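**Student:** Read off the chains here:
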Amino acid sequence: MFDFLTHDMLAVIWFFLWCVIWGVYFIADSFSLGAGLLLPFIATDEVQRTQIQSSVGPFWGGNEVWLILAAGGTFAAFPLVFSKMFTFLYLPMMLLLIGLIARGVSVEYLHKDENPQIQKAFAWGWFVGSLLISLVLGVAFANFFKGLEIASGGVYTGTLPGLFSPYALIGGVLFVFMSVTSGALWINVKTEGAIAAKAGNLAKKSTLIVFILSLIYLVYSFVGIEGFTTNYSATPALYLLPVLAVVGAVLSMFFAKKGRGFPAFCSNLLTLLFIVESGLASIYPYMLKSSISPDYGIDIFEAASSHMTLSIMLGGALVFVPIVIIYQLWAYTLFKEKIKETEQIDY
Amino acid sequence: MVELLLLSRLQFAITAAFHFIFVPLTLGLALLVASMETMYYRNKDETWRKMADFWGRVFKINFAVGLVSGLTLTFQFGTNWGAYAEFMGDVFGPPLAVEALLAFFLEGTFFGAWIFLDRNRQKLKTFSMWMVALGTNISSLWIITANGFMQNPVGYEMAADGSKVVMTDFFALITNGYVWYMLVHTLLSAYLLTAFLIMGICAYHFLKGNNSKVFKKSFSIAVTIALATAVMLPVLGHGYAQYVTELQPAKGAAMDAIWETGSKVPMYLIQVPDSSTGSNSVQLLGIPGLASFLYTGSFSGKITGLNQLHQDELPPVGMIFWSFRLMTILGSLFIVEALLGLYLQKSGKLYTSDKYLKLLIWSIPLPYIAITAGWIVAEVGRQPWLVYGLLKTANGISSVPISDVLLSVALISTFYLILMVFEIYLIKKTVVNATGAE
Chain R
0 MFDFLTHDML AVIWFFLWCV IWGVYFIADS FSLGAGLLLP FIATDEVQRT
50 QIQSSVGPFW GGNEVWLILA AGGTFAAFPL VFSKMFTFLY LPMMLLLIGL
100 IARGVSVEYL HKDENPQIQK AFAWGWFVGS LLISLVLGVA FANFFKGLEI
150 ASGGVYTGTL PGLFSPYALI GGVLFVFMSV TSGALWINVK TEGAIAAKAG
200 NLAKKSTLIV FILSLIYLVY SFVGIEGFTT NYSATPALYL LPVLAVVGAV
250 LSMFFAKKGR GFPAFCSNLL TLLFIVESGL ASIYPYMLKS SISPDYGIDI
300 FEAASSHMTL SIMLGGALVF VPIVIIYQLW AYTLFKEKIK ETEQIDY
Chain F
0 MVELLLLSRL QFAITAAFHF IFVPLTLGLA LLVASMETMY YRNKDETWRK
50 MADFWGRVFK INFAVGLVSG LTLTFQFGTN WGAYAEFMGD VFGPPLAVEA
100 LLAFFLEGTF FGAWIFLDRN RQKLKTFSMW MVALGTNISS LWIITANGFM
150 QNPVGYEMAA DGSKVVMTDF FALITNGYVW YMLVHTLLSA YLLTAFLIMG
200 ICAYHFLKGN NSKVFKKSFS IAVTIALATA VMLPVLGHGY AQYVTELQPA
250 KGAAMDAIWE TGSKVPMYLI QVPDSSTGSN SVQLLGIPGL ASFLYTGSFS
300 GKITGLNQLH QDELPPVGMI FWSFRLMTIL GSLFIVEALL GLYLQKSGKL
350 YTSDKYLKLL IWSIPLPYIA ITAGWIVAEV GRQPWLVYGL LKTANGISSV
400 PISDVLLSVA LISTFYLILM VFEIYLIKKT VVNATGAE
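So the sequences go chain by chain: R and F.
For the first sequence, counting from 1, position 53 maps to 52 in numbering that gives the first Met the number 0; every step adds exactly one.
For the second sequence, counting from 1, position 5 maps to 4 in numbering that gives the first Met the number 0; every step adds exactly one.
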């Protein structure tokens with residue numbers, strides 16, 4: 000299969016697919032993370048909590064699988080990167096894991112018991128889980144773009160506090176706010192009544208924050224991060240990516256102000272997607288860039304699996320990724336009605 | 000390094016065992032709930048609807064934890080078993096990625112759809128549950144395919160520098176004989192566990208005098224499944240024992256603590272192995288040639304004893320031996336209980352047989368114990384190999400600070416304990432509050 004492609008070409012294709020899968024994950028999970036980030040603050044009673052829960056309930060589980068696919072895909076296509084990434088960032092990955100467990104269980108168990116104390120605990124569990132996921136991923140990706148302290152021979156010399164540079168922190172906060180915005184606009188679009196209005200108002204402020212943070216983050220990336228512009232200078236067309244991110248943020252602000260939730264939501268997703276892709280475009284061909292010296296980084300050609308593994312996986316991805324996307328989109332059409340304040344569900 | 004290895008292994012054991020508490024029930028209940036949804040869709044009989052609702056509720060509570068605890072395992076291959084991930088990535092990665100692509104997406108997407116679709120859209124609701132059931136069961140195929148390579152490496156060659164395995168034949172990977180033995184054995188035991196859980200819960204209600212149709216019908220389905228699987232498991236296990244003895248002689252010999260090579264090897268009903276002396280400190284009531292028959296298919300078959308194998312490549316014999324004993328004894332008990340249940344039901348004495356009903360309630364944890372024991376035989380039995388014959392467990396770990404691993408073990412265990420308490424509380428509450436009439 001795919002014998003006409005050289006090993007290097009397959010590695011490049013898989014890097015591209017890897018960027019796509021991460022992008023899809025970030026936009027797909029953003030609104031369920033955002034809903035969790037907002038839940039304890041904007042839902043005043045059980046009815047509103049149920050509305051928020053029902054607005055993401057049918058989708059979050061399927062969407063989270065994109066993250067598992069991103070991890071599994073890295074394992075299969077670039078095992079060396081998989082191993083190094085998780086080992087270097089051992090504690091952050093554990094935090095991410097705790098976040099994923101807390102979020103998942105909290106969404107499912109939120110209203111499984113009538114005790115208000117327990118419900119409250121799960122509401123905060125959902126919040127803490129969502130915060131950990133978006134913050135850790137934001138900080139981790141900023142570090143990937145900045146480069147990890149990888150010395151010669153693939154030896155990691157970084158420390159945990161070292162991961163929290165100003166740049167990484169801005170990245171983390173930006174990811175949190177992009178999720179908040181996504182969640183607010185989703186609730187605005189998917190629900191009816193007081194909660195929808197409250198979320199819509201909130202989005203007016205958070206889209207502004209996203210716009211400002213994106214500008215700071217992008218300027219910081221292009222000016223302050225070593226080697227960030229190398230690929231951009233070689234292929235100027237790449238500048239489209241950060242430009243689209245900013246355009247998305249502007250549009251999102253504009254539509255949110257006008258009270259048009261759905262276009263604002265889509266525009267915010269555009270920002271999220273292209274912030275991630277702008278960074279990923281800068282590190283190619285490295286997957287783990289070294290901040291010490293480019294030579295020490297781990298690139299896709301070194302990390303790639305065998306020709307056979309890459310081509311079998313490519314065949315599988317070409318057939319099944321479209322099928323997955325089709326039935327996930329179909330699931331959205333199944334639940335297109337807005338969630339009313341009166342609705343009860345045996346969740 | 001020794002402590003790091005031990006901690007990494009402990010962490011894997013805790014997380015895999017915890018995940019495995021939820022997986023078998025998910026596998027079995029998904030199929031049953033899907034069948035109940037189908038029956039309701041076909042004949043609109045309210046009893047089926049109530050059954051689907053009640054067992055569906057149990058399924059939902061269980062599924063959530065099964066899903067999140069699975070994430071931990073995927074992560075751990077990178078965080079704690081990085082050297083293994085690099086060595087095995089070319090072969091182990093694809094089944095894992097395919098599992099996400101083919102199974103997890105189905106489960107995740109349609110689980111949400113099934114919960115939120117109301118009964119006015121029964122056809123779609125039923126379809127969604129079948130997709131969940133398909134997803135969970137396909138998932139087991141892929142993870143066992145990955146595990147199968149660790150037990151019986153096929154379709155690979157070593158990289159020129161010996162640093163990793165490289166896939167040469169994907170077809171060989173998925174037609175690995177080990178995989179099909181293990182898949183069927185695992186699925187059957189999952190269905191058995193589900194059947195016994197249902198029987199136990201029904202028994203609880205019969206004891207309370209609640210003989211609603213929901214529980215009566217559930218019981219008769221469950222007891223049939225229990226009997227069928229309980230009988231098939233040892234039949235299949237017999238074939239597996241022979242296969243494994245050829246594949247991994249040390250595991251096979253450890254299962255029955257056979258120390259010396261011989262033919263016409265007897266099987267002892269009472270036996271206590273002692274690794275320090277390389278023999279059994281107690282062995283009574285031997286049945287001549289039975290061990291030979293079980294492990295080779297012939298009463299005069301030759302079995303290689305543990306003392307004739309590489310001494311530095313032996314698994315912990317006692318652990319394998321006792322786990323195997325426990326599994327087979329429980330397996331026999333399951334057959335007796337299922338037969339008794341079927342007899343009592345047919346003769347109409349079931350609802351008044353308090354002793355039997357109490358036994359059923361106390362039996363709920365037993366399949367869990369049997370499955371864990373079986374899992375110990377399979378996975379500890381492969382030690383000291385991580386990938387049989389290719390990579391030792393000690394060479395598979397990540398070199399991360401021991402304090403980090405310690406912290407993560409503590410963190411995850413605490414978290415899991417809380418989840419477990421809550422899950423049991425919720426399921427118990429669901430079961431106790433059910434009347435079968437809602």
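Hint data in this document are derived by calculation from the structure and do not stem from the laboratory.
No experiment lies behind these values; they were computed from the predicted model shown.
Possibly wrong hints are sitting among the right ones.
To be clear about the criterion: a stretch of chain R counts as covered by chain F if any three or more of its residues have a C-beta under 8 Å from a C-beta of chain F, and this derived list gives those stretches [claimed, not checked]: (1) 249-260; (2) 305-314; (3) 321-327.
Glycine residues also receive a C-beta, built at the ideal position from the N, C-alpha and C atoms.
**Student:** Each hint: holds or not?
**Tutor:** Structure-based check of each hint:
Look at the segment 249-260 of chain R against chain F: 0 of its residues bring a Cβ nearer than 8 Å to a Cβ of that chain, fewer than three, so the hint is violated. For a cut-off of 8 Å, the count of residues in the segment 305-314 of chain R with a CB near a CB of chain F stands at 5, and the three-residue condition holds. Using a Cβ-Cβ cut-off of 8 Å, 3 residues of the segment 321-327 of chain R lie near chain F, which meets the minimum of three, so the contact claim holds.
Checked against the numbered hints above, the structure breaks only hint 1 and satisfies the rest.
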